[in-house]
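Number of protein chains: 2
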Amino acid sequence: MLKDWNRPEKPEKDEMKARIRAARERLGEQQMLLKERKLPVIVLVEGWGAAGKGSAIGQIIRNIDPRFFKVYTMAAPTEEERRKPFLCRYFEKIPEAGKFTLLDSGWMDEVVRDKLNGQLDEKAYAGRVESIRRFERGLTDNGYLLVKFFFHIGKKEQKQRIESLLASKDTAWRVSDNDVWQNNHYKQCEEAFDQYLDDTNVPSAPWYLIDSENRKFAEMQVLETLATGIDTALKNGSLAVPLLPNNFPLKQMPKLKDVDLSKSISEEEYREELERLQKKLSALHYRLYRKRVPVIIVYEGQDAAGKGGNIKRLTGALDPRGYEVMPIASPEPHEKARHYLWRFWTRLPKTGHITIFDRSWYGRVMVERLEGFCTENEWQRAYYEMNEFEQELHNWGAVIIKFWVQIDKDTQLERFTDRQNTPSKQWKITDEDWRNREKWDQYEVAVDEMLQKTSTTYAPWHILESVDKKYARIKALKIVIDALEKALD
Amino acid sequence: MLKDWNRPEKPEKDEMKARIRAARERLGEQQMLLKERKLPVIVLVEGWGAAGKGSAIGQIIRNIDPRFFKVYTMAAPTEEERRKPFLCRYFEKIPEAGKFTLLDSGWMDEVVRDKLNGQLDEKAYAGRVESIRRFERGLTDNGYLLVKFFFHIGKKEQKQRIESLLASKDTAWRVSDNDVWQNNHYKQCEEAFDQYLDDTNVPSAPWYLIDSENRKFAEMQVLETLATGIDTALKNGSLAVPLLPNNFPLKQMPKLKDVDLSKSISEEEYREELERLQKKLSALHYRLYRKRVPVIIVYEGQDAAGKGGNIKRLTGALDPRGYEVMPIASPEPHEKARHYLWRFWTRLPKTGHITIFDRSWYGRVMVERLEGFCTENEWQRAYYEMNEFEQELHNWGAVIIKFWVQIDKDTQLERFTDRQNTPSKQWKITDEDWRNREKWDQYEVAVDEMLQKTSTTYAPWHILESVDKKYARIKALKIVIDALEKALD
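Respectively, the protein sequence lines represent chains A and B.
Sequential numbering of the first sequence, starting at 1, is according to the working numbering.
Sequential numbering of the second sequence, starting at 1, is according to the working numbering.
Honestly, the hints are just simulated from the structure, not real lab data.
There may be inaccurate statements among the hints.
What the hints assert, rightly or not - Covered by chain B, per the in silico footprint, the following chain A stretches (three or more residues, Cβ under 8 Å):
#1 29-37
#2 188-198
Claimed, not checked - Keeping only pairs whose Cα atoms sit at most 30 Å apart, straight-line, the calculated DSSO-like set for lysine-lysine is:
#3 A:93 with B:291
#4 A:70 with B:84
#5 B:13 with A:350
#6 B:291 with A:312
Don't be surprised by glycine CBs; every beta carbon is placed ideally from N, CA and C.
Just chain A, same shape as in the assembly:
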């Protein structure tokens, strides 16, 4: 992109000034429309060191109310951040509906820098690019406007700016070692930038090259491009997103109605197996901690199927410092205002840790589908998105195990009644549970579809026959142990 780029023509000074002011005011007006239409905007400001990224951001936000934006300056990832998937810290910062996030350097800078300093070889770099393409598509498909700027300046201009900053002690600290390195390896950097821009230039999130030789001119380009981008996005808001083919490696799953729920285990065998397996799991837990393998376990199932008790038998074997159970209820307002996977991206384990999700992102294709909390296009798309999400986690190195805990309708009724009649269990049963029960058949259709479409080789579903809860617990322990042993080999 950089090589065949035609620099835009710079207007006269007065014209620039007028146009900057006009675009800034336009942005100020757009914030209300964004709020009304619940359009979230991410502005990615990338480019050469000392190219004026900071002051351009200053111009963008000048007419925007502080309630509607956040600016993040991304430094090198911390030790803690390095123990999460690399996109985690960016996903964390996406705005609520109707608001702006501005990133002063983002995932481009991180990836290109790691490529240049040899931390990423060709293959790892290609993996990152693929992750980024998916990440960006996931955002734009879910209604985010992503505006990507690259601030371009020549070697000579950059050198001059660096020197003039270094000349005063009040500004010298603003020059980073990386800025100087860039200037000394300008050609090499330019090629890496160019490659990245080509790799990630897609119609739904194109790159805008900003001629930054002149600061005012750069600001004008940024403001006008952003305002135009917002106008377009506001117009296109209601366009449906095409579905992608679900071309992930799927595993065959049985239909729920064919599951043999009569499976059971004797009390004696249960006691013995529980002790044996918990001991084994406990040892494995330490090993995966040492090897820094992250583990994600998902529990879904009918109400009163026995998820809680099943989880408890698993965690009974685990060191509390190395695992976390994430109970997932309906999203809170600040969660609902963001991409539906946000609250899961921000709850991932770090390497060496286990996170158990008691309900999960699969709510999208169950409760959200059936209650109409999302559109058909959205939940249909979610099969793909969730397979992709899990593939991302798998590529990062995570072990992913998904349990569907299954009972029949009569067993549920028994357990509901028992809960209602036992004072210490009453908090576990709500009117909503009874309402959900009425939709048993619809749920079964949705769950069957989910199992068929999201059981992948790298993140398979396992059905736990839980009319005999003890049987289900032992089965879960065995599956987890098996998966961890494979991962540790």
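Given chain A, put chain B in place with the hints provided.
Positioned in the frame of chain A, the structure of chain B alone reads:
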């Protein structure tokens, strides 16, 4: 405490087993009561390395539903955490009402360790202890149950455990350098622990020493103590908290009715001053970034007093990478469920950064007081708590500036009407604004009291006469510049 401690008598094995089980079940039952009564519980597990803290936590949570607890293992603070007040990362982790937070080592471990390794001299250590006493009192006064355990083992026992862990490669990684250091300097550590325990042993949050020579016995003591503590707290729930004398260094403030709102500035002088002052502030911003001074600016004022425009003139001078405006609206559910200062503790700037709060913790003594969102005891206490909070920030090194932006009732009516009649401003005016306006006089009483009681030498209030908004903006800029210059000298 350690020296004159009478070790409890260890029961027979069978009795211990039965009592552990009984206490665990009691905890399981208590979780429902905690939920109903909205009592939050913090369990601090401190003590010698290899004393069995982890397995005791495992026992505590075994019968508690994962929805109701979180376990945090606290490592040494990260670079990022070091740029916040040291208690920040602990405050961040306090539970919601009705839930548990369990900390595997907390503020005790951090402070004693820093004292032992020479990072804290006597005076700094005393400062930390004082901060901790305030922090703990702030929690218990606001309805948190804080249960503090210290796991005590002898030098020989610790040595044996360390050696047996080191003997196997599967467990060796669990021994930290600090554990070994402790054992080699047992006497010295014991004295430091003892000193800290004495320093922080208060009736509202006493220390419980746990004899940890025997693992099962230690677990029994912990479980029984915790269950008893919860019972007591559930019984004492409705006791009023006594008010503390507001003995902070206060500055005299005028009454609002005596403020001269006729102050104004000419358009020409405004332009000149604005440019001059913004330039000055911009230079100061870089200097405080370099010197790592954190700055906290609070804006409060009547609706339509001109807070937003005033803030904009301040931020117009600032590099967007070094400041953040925090608009404060009514708390979200997860915020309301915690200590009322939680959402401010978690939004503090890091060193070298500026955070501007557009409304703040002072909502407690204004809207929350007037709308009855908190009890009289609570808002009366808040004057003290907020002075203490700000003193904590001041001791950390923060510059704190608080603005009350003042207009008269007629001016507000004019501006409300203008907002209602201007399409681009309509989002700024709500029914609530009109309702608040009806309570103008009550607000005046509350604000006057707030100004009298919370304007301290280290965090003074400044009244901005904002009938002429331009006058108020210039005055704000001058006050900020003045405060920063003093801090940088």
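message = Next pair to validate is residue 93 of chain A with residue 291 of chain B; report whether the Cα-Cα distance is within 30 Å.
response = Judged against 30 Å, a Cα distance of about 27 Å means the pair holds.
ask   = How does the coverage statement for the segment 29-37 of chain A fare against chain B, requiring three or more residues with Cβ below 8 Å from a Cβ of that chain?
value = holds (count 3)
inquiry  = Hinted pair, alpha-carbon criterion (30 Å max): residue 291 of chain B, residue 312 of chain A. Please report holds or violated.
reply    = Status violated; Cα separation ~50 Å.
inquiry  = What's the verdict on residue 70 of chain A and residue 84 of chain B, does the C-alpha distance respect the 30 Å limit or exceed it?
reply    = Between residue 70 of chain A and residue 84 of chain B the Cα gap is close to 19 Å, so the pair holds against 30 Å.
message = Is the coverage entry for the segment 188-198 of chain A by chain B consistent with the three-residue Cβ rule at 8 Å?
response = violated (count 0)
request  = Please work out if residue 13 of chain B and residue 350 of chain A have their alpha carbons no farther apart than 30 Å.
outcome  = 39 Å, violated
In summary, the structure is inconsistent with hints 2, 5 and 6 from the numbered list given earlier, while agreeing with the others.
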